[in-house]
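*Asks:* For reference, the chains in residue letters:
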Amino acid sequence: MIEPVDEDLLEHLFLSEKNGKQSVTREEIANALNLPLSELDDILLNLAGSNDIVLGKNADISLTQKGRRTGEKISRKHSVLECFLHEMLGMSMDTASKQACLIEHNTSDETIDRLDHYLSAGYRWCRHRKKSRQEEREYPSIGTFQEGDRILITVMNACPRTRRLMDIGILPGETIIIKRKLGANKSIVIEVKDIEICLSPEIASIITGEKVG
Amino acid sequence: MKIGIIGNPNVGKSLIFSSLSGVGVEVTNYPGTTVGLQSGTVCCQKNQIELLDLPGIYSLDGLSDEESLVRDVIQHKEIDALLVITDAAHLERNLYLLLQIAEYDIPLVIVLNMVDEAKKQGLIIDTGRLSHLIGSPVIETIATEGKNIDKILPLTISEATPATIPVFYDRHIEAGIRSLNKMFGISKTEALLALQGIERREEITEASDTISTEIENEHRMSVSQIIAANRHHAAKNLASEVCQKTKRMEHSGIDRFLTKTIPGIPILLCVIIGMLLCVFIIGTWMEEQIVLLFDNLLINPLLALHLDPLVSEIAFSVLIALQAGLGIAFPFILTFYLLISYIEDTGYMTRAAFLADRTMHHFGLHGQAIIPMVLGFGCNVPAIMGIRNLTSKRERIIASFLITMVPCSARTVIIAGIVAAFVGIAYAFSIYLIIFFLLILTGFIFSRVIPGQQLGMVLEMPPLRKPSLYQVIIRSWIHIREFLFIAMPLLIVSSIILGIFEYFGILSVIEGVFAPMMESLLGLPDFVLTALLFGILRKEMAFETLVVLAGTADLLTVMTKVQLYIFAIVSTLFVPCISTIAVLGHEIGWRYAFLISGYTILLGLATGAVIHGINLMIP
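Top to bottom, those sequences are chains A and B. Using this note's numbering, read the first sequence as starting at 1 and increasing by one per residue. Using this note's numbering, read the second sequence as starting at 1 and increasing by one per residue.
The following block holds chain A by itself, in its conformation from the complex:
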C-alpha cells in the first residue's frame, strides 16, 4: 500500500520532470514537501525498493516508468479536484490547491473520471483543464481490436446510422465484445446486450473505444 506522502513525492517528481528537470536532489524534495531529511531518506529507499524511483550516484533522484504513471495519475487528480473546488465551488486558488492535496489520496479513479467529464461539459475554459485536455489520449476505432476483446465505447461520431446504433445499445459508456473480424472483409461482428450485430467498416470506424479487462 502506497502512503499519501509517497504519492506526494511521486507527484512532485512528475511535475518537475514535466517542467524540464530530469532529476532532483534530496534537498529540493525535502523543501517542497516540507519534510525533515532523515524522514525523507526512509521514504526514498522505500520507493526505490518498490521500483518507483531510481536513486542516482550523486544523490539525484529520477522516476521509473511505473513511478511516472503513479505521479501522473496523482497530478491529474490534483488538477481536476483543484479545478472543481476553485471554479465550481468558488474557493480561493490557494485553499483549493491545499484541499486538493489532501483529497487526492483518497479518491477513486472513477470519481475523478466522472468529475472530469462533468467539468468538461460546462467549464471548458478552466486553465487546469486545458492542460490535461492536451494529455487526453485519442482512442482507436473498434475495428482495430482483436476478436474476443471487451471494449468500452468512448466516443461515437455522428453518421446517418447513429440513431440505429443508439437504439440497439451502442452508446458511449457501453461495453461490447468483438466477436468476429475478417481479414479481407473489414466488417465486424460485435456483441452488445447479448445480441450479435454486424457492422460495415465505415460504421466501425466512427466508434472508438478502449480495451477493458
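Honestly, the hints are just simulated from the structure, not real lab data. Be aware that one or more of the hints could be misleading.
What the hints assert, rightly or not - Cut-off 27 Å, straight-line C-alpha distance, at most; resulting in silico cross-link-like pairs (DSS-like, lysine-lysine):
{"#": "1", "chain 1": "B", "residue 1": "K119", "chain 2": "B", "residue 2": "K147"}
{"#": "2", "chain 1": "A", "residue 1": "K186", "chain 2": "B", "residue 2": "K393"}
{"#": "3", "chain 1": "A", "residue 1": "K211", "chain 2": "B", "residue 2": "K236"}
{"#": "4", "chain 1": "A", "residue 1": "K186", "chain 2": "B", "residue 2": "K151"}
{"#": "5", "chain 1": "A", "residue 1": "K211", "chain 2": "B", "residue 2": "K245"}
{"#": "6", "chain 1": "A", "residue 1": "K211", "chain 2": "B", "residue 2": "K260"}
{"#": "7", "chain 1": "B", "residue 1": "K77", "chain 2": "B", "residue 2": "K188"}
{"#": "8", "chain 1": "B", "residue 1": "K120", "chain 2": "B", "residue 2": "K151"}
Place chain B on chain A using the hints.
*Replies:* Here is chain B on its own, set in the frame of chain A:
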C-alpha cells in the same frame, strides 16, 4: 376492436400474428409508403378483432420508413390496444422499445415470447414482478410450440391497460420537456420528439432547438444520445430487477464456421449456387408443365373454336397473359420464396450479408443486397421484391438497375435456344461475359453518380433457429398472391393491346416505321421487332415468337449467325418483362421503373449497334 402487434425484429412477431390470424391475411401498403402492413380479422369472445402486424422496429424515435410508420400509427391512436412482443432471452434490449411504447397512453399486453429459449440460457424471469413494475399484464408464450397463444386475445380484451412505468430522464431533458409543455401545451412524447428534432410543428422548432443546443453544450452529447442512454439505463435496471441469470450462455458451434472466411465463403457460394439450381431446375420444369397445360387445355381448344377473329384474338391475348403470369409466378416465385423464407428464418441471411458486405460496397450496395442480386438469375420478379430489405432508397435504386440486368432463367432460354443452338456454346458464354461486364460497369458508375451516401450496414445477427414450415409456407403464399395482384392486371392489359395491334395491323405499321432503324442500327430484319415486343410479356416469348414469325424452327435459314447473336443480346438486355416492370413500379415508383426500362432499351440497342458496327468493319 383494433389491436396492433409491435416488437423488435426477430422476436417471433410474425409467427404470433399468423398463429392468431390464420390464413386470412391481407397485405396493404400504408398510405404514402412502400412499407407493407399485414392485417387479419378474427373473432374472439363474440368480438370482431382486427389485427395489425406492425413492422419490426428497434425504436419509436427512429428515422427509417418502418419506424416512422409505427410512430404514426401509435401517435394517432389508430389502434385500441397493443400487443408488445418481447424476446424473453434478450429482455433488456426489448425493454428499451417497451419503455418508449409505455409513454404513449395506449392499453398494452406484454407478450414474453421464447421463454423456452430463455430457460435454456438459464434465465429466470419473474413475470409477476415485471407486470407489477410496468403496470400492464404480462403473458409468457412459446410461439413455436403454440403455447399460451390462445390466451393472448382474451387477455387483451379483458385486461389490457396502459403502462405506468416512467423513464427518468436527465434533469435538463426533463426541464426541457416541462418548458415545451408550458409554452405550447404539448405532451411529453411530443416534447421528446421535438427535442431530438425528429418530428415537430413549425412553431415549436425555434424553442426546441434553443433548448436542445443548450443541453448539448452542457452535456457535450446530443440530446438523442442522452435520451437513448437514459432509456437503456432504465431498461437495464428493470431487466436486472426481474431477471435472474443462473448460467452463462454459450453460442452454438456452427455459427463460428459460418462467419469465417474459410469455410464461410465456400459455404455461402454453395448455398447460393444450390438455391439457384433449385429455383432454376424446379422452376423450369414446373413452368414447362404449366405452359403445356395451358396450350393443351385452353389455347389450342380456343383456336379450334374458330370464333370471331377479334374475339378470338382478345381471348387468346388474355390466355397468353395468364400463361405468362402463372408460368412465372408459380414455378419461380413459389420455389424461390419457399427456399428463401426457409433460409431467412434460420438466420443464415445475416451471415451471408456479413461475408458479402465488402464486395457489394464496390457497387454502392451493402451485404444485404447479395441475396436479391443472386436470385435475379432465377427470376427478376422475386429479386426485385427482395430489395425491400435494403435500408436506403439509393441502395434500392442501384439494386433495381442491377437486378433487371441479371440474366434470368427466361433470358437463359433465349441465349441457350438461339445462340448456343445455332451459333455455338462459346458465343453463348460471350453473351454472359458482355452482360456481366455491363452490369459491373453500371454498378460502378451508378454508385458514384446517384446522389446520397453509403449509410453502412448495421444488422442484427439473430441466433440460428429451426424455421417453422407452416410459417414458411404462409409467407410464400402471401408473396405469390401479392405478385399476382401487382402483375396480372398489367400483363393482361398489355397482352390485349399487343393482340389488338396485331389484329388491326398496327404492328406491321410500327414495324414499317422502325424497320429502317432496325436495319441500319442492328442489321436485323423487320419482323424481329414484333418478336422483341412480345418478349416484353415473357422473355422467352421473344424466342418463341421469332420461330413463329420465321415460319421455321431452323432459324439459320432466315437469319445469319451474326443476326441471331445480335438478336439474342438485344432481347436479353432490352427492357425487363412486364411483370418485372410492374414490381419495379410497385417497389420504387413508376418514375424509376420507366427510367430503368429506358436505360435497358438504350443499353440493349447500343450494345447491338456496337456489335453490328464491329461486324461491318470486319470484312
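*Asks:* None of the hints should be skipped; say for each whether it holds.
*Replies:* Right, here's what the structure says about each hint:
1. K119(B) to K147(B): Holds. K119(B) to K147(B) sits at ~15 Å (cutoff 27 Å).
2. K186(A) to K393(B): holds, 24 Å
3. K211(A) to K236(B): holds, 22 Å
4. K186(A) to K151(B): violated, 47 Å
5. K211(A) to K245(B): Distance ~25 Å between K211(A) and K245(B) Cα, so the pair holds.
6. K211(A) to K260(B): holds, 23 Å
7. K77(B) to K188(B): holds, 16 Å
8. K120(B) to K151(B): The given pair, whose Cα atoms are some 23 Å apart, holds under the 27 Å limit.
Comparing the model with each numbered hint stated earlier shows that hint 4 is the single one that does not hold.
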